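Those protein sequence lines, which keep their order, are chains A and B.
For what it's worth, our numbering labels the leading residue of the first sequence as 1, then goes sequentially.
For what it's worth, our numbering labels the leading residue of the second sequence as 1, then goes sequentially.
It cannot be assumed that every hint is accurate.
One copy or two, either will do: identical chains are not told apart, so a pair holds if it fits within one copy or between any two.
As the list claims (entries may be wrong) - Computed cross-link-like contacts, EDC-like style, restricted to lysine to aspartate or glutamate with a CA-CA straight-line distance of at most 20 Å:
1) 124 <-> 241
2) 398 <-> 499
3) 70 <-> 6
4) 491 <-> 517
5) 438 <-> 387
6) 12 <-> 61
7) 193 <-> 213
8) 193 <-> 134
9) 221 <-> 406
10) 125 <-> 33
11) 496 <-> 406
12) 438 <-> 90
13) 438 <-> 88
14) 491 <-> 137
15) 301 <-> 64
16) 438 <-> 85
17) 507 <-> 141
18) 504 <-> 517
Keep in mind the hints are simulated off the structure, nothing from the lab.
From a predicted model like this one, the values you see are computed outputs, not experimental measurements.
There are 2 protein chains.
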Amino acid sequence: MSGFLDTPSVQKLKALAAHAIDLTKGLTPERIETMRLSMAGFDLLYGTERVTPEVMDALYELADETRALKKMAAMQAGEILNRIEKVESENRAVLHTAMRDQFEERQSAPAAEEASGMAARELKKLEHFLAKIDREERFTDLIQIGIGGSDLGPRALYLALQAFARPGRRAHFISNVDPDDANAVLSGVDLKKTLVVVVSKSGSTLETLTNEEFARARFHKMGLDPKEHFIAVTGEKSPMDDPSRYLASFYMWDFVGGRYSATSMVGAVVLGFALGYPGIVEVLRGAHAMDRHALTMPARKNLPLTSALLGIWNRNFLHLPTVAIIPYSQALIRFPAHLQQLDMESNGKRIDKQGHPVSFSTGPVIWGEPGTNGQHSFYQLIHQGTDPIPLEFIGFRKSQHPIDIEVQFTFSQEKLLSNLFAQSIALASGQASSNPNKFFPGNRPNRILLADRLDPFTAGALLAYYEHKVAFQGFIWNINSFDQEGVQLGKVLALKILEQFKAKRTKETPSPFPLGEAYLNILS
Amino acid sequence: MSGFLDTPSVQKLKALAAHAIDLTKGLTPERIETMRLSMAGFDLLYGTERVTPEVMDALYELADETRALKKMAAMQAGEILNRIEKVESENRAVLHTAMRDQFEERQSAPAAEEASGMAARELKKLEHFLAKIDREERFTDLIQIGIGGSDLGPRALYLALQAFARPGRRAHFISNVDPDDANAVLSGVDLKKTLVVVVSKSGSTLETLTNEEFARARFHKMGLDPKEHFIAVTGEKSPMDDPSRYLASFYMWDFVGGRYSATSMVGAVVLGFALGYPGIVEVLRGAHAMDRHALTMPARKNLPLTSALLGIWNRNFLHLPTVAIIPYSQALIRFPAHLQQLDMESNGKRIDKQGHPVSFSTGPVIWGEPGTNGQHSFYQLIHQGTDPIPLEFIGFRKSQHPIDIEVQFTFSQEKLLSNLFAQSIALASGQASSNPNKFFPGNRPNRILLADRLDPFTAGALLAYYEHKVAFQGFIWNINSFDQEGVQLGKVLALKILEQFKAKRTKETPSPFPLGEAYLNILS
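Could you build the full structure based on these sequences and the hints that come with them?
The structure is reproduced here in structure tokens:
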């Protein structure tokens, strides 16, 4: 297939970008009402992006020319998409969708079917395990020890859905190798009633094993047997798949990448503990609904694909290097951190699937904080800084809790939505003024994903929406969104420096590493 | 005075940037050991920035030509720096440094002296108030209600210093107008033993007043009198300065901007409650030490000024639009969010102090998460993405808690530092490889601020280091880092939309706002 830059639509888009619509004049109520895609409670509103029908036509042509929907079908069917041709690389299927392909209209391709069967077995094990600990009433708290994908997605979802947690059930997370992190969490719970979930696919993640040892030592010190408290989420037959050390083991596989693993046992155990088994099933059901939508909906009605294309317009044609994702929902406080990993680790790549360096920009910097907080913080730069920042807003028609307060004739949720819509309009349309300090240039592109209410189903669908947005962008750019070779070099060098520290105790002679030694000289 | 682009040093720097040092060849142990500035337990290590002695000479010339140190002296002396000439603008002194100018070598300029005297009176009031609640033993928990600067800085510092909190003292924060946020916090404490601090300089911040009403309603419902639990941090004579409604009032002034207010009563009340009065005094002492350093140290030995210049090199000459700030300390989890506000709200400006649009880039996008977590997340893009991202690392020689664990002959803190140094080296020097997927281009500029241990003194100094880095950049760019006109437009439009919501209940006819109505049509 041809590369991204060689597609005819890219030439069209370049020409269109030279005369992108001026939203300070062009933003109308009709745009807001008609530039809208809907799907089961979700609305994607993009009248405040700098696009016209001609631009959208060219973007959908780009999706067609780069066979974005066909690659989504190949992914969900279990074809080997995680690879770089002709060089040593991961060589794997990409089947996070199989984790939730447990409902109607299941995939029939053998690889996908096998994977969803494996996921079904783990779900069944989880259902029994949760029923057992319910009967025994032993645990009130759960601590998840994991890092990266074993932490950010599950943590973001847990915080998002805490409002739906079973009474008296709490979850906590330890990720950082910083010993202060583990200390703080372990000191805040009653270990006798605490379940510890250790998550590492390889069973050898340095931070996670260190924190596990740290936690085990604390249990021993309290006279408690870790074997009665620790469970493993790991690869089958990994060093952690060891019934002599764990109360139970749940499995994960190399066809589910860490950052895509929130709906595997990596997220299911903690969410099942907090929400109950039916709660995690709802999360999976929501994700599956979005998987089916991404797979079956034509491009022009496809929410994650359309969002991916708008992102590519902003990145490659309007040349905007960052994206702020702003949920107007405090419960989504850590969702931007999850999306930061999901997007930047997937699409922060400089070679295409044939191993050639790309000559265009790939994944942007993703960052964000919840609104309205951000309005009192970095919005100054977004409105009046020298560089436009595209925004993706997330909003909800209703709050999670039914409790709200009427102050000055409106409810808090209405204030939240008023602010969300006001920002969308203000950023796009700007403001003329003879006072240069009150002039707003406008043309800050943004879009809103509006959903009904942040419940388990919606959270699952939202998670999958972003997974597919990211995957579609990778498909269109012809890069491998599923490996992460870029994290290796730092790991290797960290071990070399660690050897220097170690040598102080073992009296061994470490391999020379002058750059690392320079830092150690500064330390001492 | 002349503008940034007209300075002779800018021409030199442009020429030097065209041939910036290639760190894949040029990074040596000597660079790491010699490109180092030290100050009272802090080391700024910048051998991994793309600078040479010639570049540093030109940067220090730039500081000189733009009179950066003289402006710092003017700021700390209380001159009116928060203004734009010839147009309506804020017209204020900028005296957050006076909040901690309570120790040796105090400012003698009348404005600064007066401000530090006002701060001293509030500190004395706080000392008495804290002693009183200690004697009465009434409170275990404190909830701070505030948003933006009244939330991010105090929250970041509280989390940073939780390890030093008095036993049984906890703080919580409500910021978002999202009713789920207030619900979650209020449900998690024993209101009988809870002190509520409401923070708003004007006494009229919509989110804060709404959340205050929300909290008061909850106290009433529990049969508790809010008057016995609520205290105000506000401007003298603001609507909130009302002894009939508050147990106590502490004052703030218009010469301390929200994002610079963490060492005023905005942060001092909550930190004093958590750490005890001597703890907050240590924070102020640390901040003051950095204030004196920034004020008195020649440019070439001045840490925040040197950091500001390195940032300007990356932003204006290497043309890098974002900065990641990565503390290798879990306790600093919310410090990047505070710095995001501090930097982006201060320097996200498009006009200079004479009101003319600037023709160069000002404040970058600031974002970040603690290491090592980020290594398992967005570092892929930082190492192998298409755009270089400058990084500012923060590290500590020792952990906060004395408890650490030895696994495989090294301690967790050593693992943390090994990772920090390894990343610094890997990002700068990259890696050659015939496998394009294992090729790391390197030349990712980064620097490390290394301190001894994250204690109250160090946290105060770290806070002030970044305040002055930001202020120095604003001085050099000749922009007003102390106003925030860019947040006004969104507020105005939000009120217009709120009127539409309100009209549903009051049956009034709202002012027409067709763009807002378009969103309301989509909601219903």
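These are the hints, each one checked on the structure:
Only within a single protomer do residue 124 and residue 241 lie at most 20 Å apart by alpha-carbon distance; the minimum there is 18 Å, versus 60 Å between protomers. In this assembly of identical chains, the alpha carbons of residue 398 and residue 499 lie at most 20 Å apart only when taken from different copies (19 Å versus 54 Å within one copy). For the identical chains of this complex, residue 70 and residue 6 are intra-copy neighbours only, at 19 Å inside a copy versus 55 Å across copies, given an alpha-carbon limit of 20 Å. For the homomeric pair residue 491 and residue 517, the shortest alpha-carbon distance inside one copy (16 Å) is at most 20 Å, but the shortest distance between copies (53 Å) is not.
Proximity of residue 438 to residue 387 under the C-alpha cut-off of 20 Å is restricted to the intra-copy arrangement: shortest distance 17 Å within a copy versus 33 Å between copies. Taking identical chains as interchangeable, the C-alpha atoms of residue 12 and residue 61 lie at most 20 Å apart only when both belong to the same chain, with a minimum of 10 Å there against 47 Å between chains. Taking the shortest Cα distances, residue 193 and residue 213 sit within 20 Å of each other inside one copy (19 Å), while across copies they are farther apart (37 Å). When the C-alpha separation of residue 193 and residue 134 is checked against a cutoff of 20 Å, the pair qualifies only within one copy, where the shortest distance is 12 Å, while the shortest distance between copies is 33 Å.
With identical chains, the CA atoms of residue 221 and residue 406 are at most 20 Å apart between copies only, with a shortest distance of 16 Å across copies and 51 Å within one. Taking the shortest alpha-carbon separations for residue 125 and residue 33, neither the intra-copy value of 47 Å nor the inter-copy value of 55 Å comes in at or below 20 Å. Within a single copy, residue 496 and residue 406 get their C-alpha atoms only as close as 60 Å, which misses the 20 Å cut-off; across copies the closest is 17 Å, which meets it. Taking identical chains as interchangeable, the C-alpha atoms of residue 438 and residue 90 lie at most 20 Å apart only when they sit on different chains, with a minimum of 12 Å there against 53 Å within one chain.
Taking the closest pair of Cα atoms, residue 438 and residue 88 come within 20 Å of each other only across two copies (9 Å); inside a single copy the shortest separation is 56 Å, beyond that limit. Taking the shortest Cα distances, residue 491 and residue 137 never come within 20 Å of each other, neither inside one copy (41 Å) nor across copies (50 Å). Proximity of residue 301 to residue 64 under the C-alpha cut-off of 20 Å is restricted to the intra-copy arrangement: shortest distance 14 Å within a copy versus 58 Å between copies. Taking identical chains as interchangeable, the C-alpha atoms of residue 438 and residue 85 lie at most 20 Å apart only when they sit on different chains, with a minimum of 14 Å there against 54 Å within one chain.
In this assembly of identical chains, the alpha carbons of residue 507 and residue 141 never lie at most 20 Å apart, being 42 Å within a copy and 49 Å across copies at closest. Within a single copy, residue 504 and residue 517 get their C-alpha atoms as close as 13 Å, which meets the 20 Å cut-off; across copies the closest is 69 Å, which misses it.
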